[in-house]
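Sequences listed follow chains A and B, in order. The opening position of the first sequence corresponds to residue 1 in this note's numbering, with each subsequent residue numbered one higher. The opening position of the second sequence corresponds to residue 162 in this note's numbering, with each subsequent residue numbered one higher.
Possibly wrong hints are sitting among the right ones.
Below 27 Å or equal to it, Euclidean Cα-Cα: the simulated DSS-like pairs (lysine-lysine) are [claimed, not checked]:
#1 A:K153 / B:K653
#2 B:K311 / B:K379
#3 B:K311 / A:K142
#4 B:K470 / B:K559
#5 A:K105 / B:K540
To be clear, the hints were calculated from the coordinates, so they are not data collected in a lab. Given the structure is predicted, the values throughout are model-derived calculations rather than measurements.
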Amino acid sequence: MSSVKIELRKDQIEKIHETCEQFGNSEGELINILHRVQGTFGYLPAEVQEVIAEKLNIPVARVYGVVTFYSYFTMTPKGEFPISICTGTACYVRGAEKVLGEFKKELQIEVGETTADGKFSLSCLRCVGACGLAPVVLVGDKTYGRVAPDDVKEIIGEYQS
Amino acid sequence: MNEMSEDQVKSIPRKKQIRIALRNCGVIDPERIEEYIEKDGYFSLGRILTELSPEETIRIVKESGLRGRGGAGFPTGLKWEFALKNKSDQKYVVCNADEGDPGAFMDRSILEGDPHSVLEAMAICGYAIGADTGYIYIRAEYPLAIERLKTAITQAREYGFLGKAIFGTKFNFDIFLKYGAGAFVCGEETALIHSMEGRRGEPSLKPPFPAESGYLGKPTNVNNVETFANIPVIFQKGPEWFRGIGTDKSKGTKVFALAGKVNNVGLIEVPMGTTIREVIFEIGGGIREGKKFKAVQTGGPSGGCLTEKHLDTPIDYENLIACGSMMGSGGMIVMDEDDCMVSVARFFLDFTVEESCGKCAPCRIGNKRLYELLDRICKGKGEMEDLDRLKNLSIVIKDTSLCGLGQSSPNPVLSTMDNFYDEYISHVVDKKCPSGVCRDLLEYFIVEENCVGCTACARACPVGAISGERKEPHVINPEICIKCGACMEKCKFDAVILR
């Protein structure tokens, strides 16, 4: 798990408890609870998982097992503007690798990392179902279709102000 | 992104297409139940509840010949019958909307464009098998589909198509959403059920089949989105009509997501038995930029590559398997002469390695080894023995894995080896990538005629691999070159090329 310990505030713990209660503290709802909590916190650090495990009365290992199994859950905080490059087959065939390379070069980070100023993070996605627009890049909820390596600077520029 | 699915459906020529599952996509406003009702929506449900018994309902589905559209092609009516025959106080209907195949997006389009057709079909299924609760397991990556489903469920409840005493009968049925969290293996029904229960999505041994012991240990019927979307029409137009479309063993239509190097990309729906040539060249409008067709990948990461010689094969479940591929969920990715089949195989293995749940050793470890072998070949470090190793290991993984993921993950390797063995040989023996994709097998080279001797490349080269006098053509020493590409970037005269 993460090396830096974080201290959860009392209100944050209460918020997690509240979410668990909304789902009846049921371990069958673990995935829904994790979705909701990640939606509020942005990520699921070990400390958050411990609170959930305690509330649902299940081992932390069960929570950790689920968090690490599914790619949608993350234990590291994302940037303010998370950039995701689709590397599904259609995007791959249409040159997603080159677009990804350009993002890495421009932002000076690798996949799974966040820029030092916390502004951008980079990740790869497996198909967003927009194959007609391949290659596809997502910044937050905004979709960019038919992205060429030359467009990368411009896309990043939109969020730098 | 909102209008995209409709655009993708509309933009393709209608010739040779028959719309059944996609009948309402882009035609009706998916956020208004009234428009679905105008298209005879919920009429089938009403008629079934008031006129037919569960057994008669299942008989009609069986007569139609409908088979599961999620990939394996199991007869839908038979599946329903199993669930009906297992007596229990509680049963469940599950809609598998965990569309994980990269390159397939028909389920998303149906859920966004015609959510009520799925709700109606689930209620019909609930009546047929004796279930009062349905769940739609949907990918969290599809926010718009989730929104439209929520709206549709609320509207259906308001109209009394979901809830208690539907159409004034004793039948109760309601539908809830469950979210996936990004795991390809959850498309497998036992893994999906474990995920619904809040656990890791690992498959388990069948039997028991979900029809016996599924969600929370109760009899559960799992069908894919596209399968459900066919159901209301079968009852509107009759099983004979549906059976009249398609081939001997595969009835009706199939939706394909056409993507890659083809002129018209998007969703198409064609009768079973349409040839691959018709799909790619007539409906798809041929290959982009007039390039040469090389292969089409069907069935996603579990499928195989079909080539020129398969172009006139009529598409149905059996034929695709006979060609070394499979129907899968219907992704169709077209590749041209610029695509390297060895690196395509590596691409799919990379996906499988990432998505293997880790339960079975052959899949968890074997696929990783397959990936490493392919990676070595792509990097020019492969040897002839590696080709035998690839083949043997592939067969072992297929034979010894528990679920569909492991059983089919070596397909891309086997089918590219069968159809493009010469490309493997080029990589291994000549250390060349014929399509010019594998970077490690390429050389940076200065074209003498284009080089003006500006020295920009030589100054940019971090390892001093470029030599030459000012105003004279320069040369790259391949022994020293680290293939960083800095020279190519600096050259203003397009003199540096990769070959």
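Hints and how they fare:
The hinted pair formed by A:K153 and B:K653 meets the criterion: a straight-line CA distance of about 20 Å does not exceed 27 Å. Only pairs whose Cα atoms come within 27 Å are accepted, and B:K311 paired with B:K379 is accepted, the gap being roughly 25 Å. Taken as a hint, the B:K311 and A:K142 pair is honoured in the structure, with Cα atoms around 22 Å apart against an allowance of 27 Å. The straight-line distance between the Cα atoms of B:K470 and B:K559 is roughly 25 Å, inside the 27 Å bound, and the hint therefore holds.
Taken as a hint, the A:K105 and B:K540 pair is honoured in the structure, with Cα atoms around 22 Å apart against an allowance of 27 Å.
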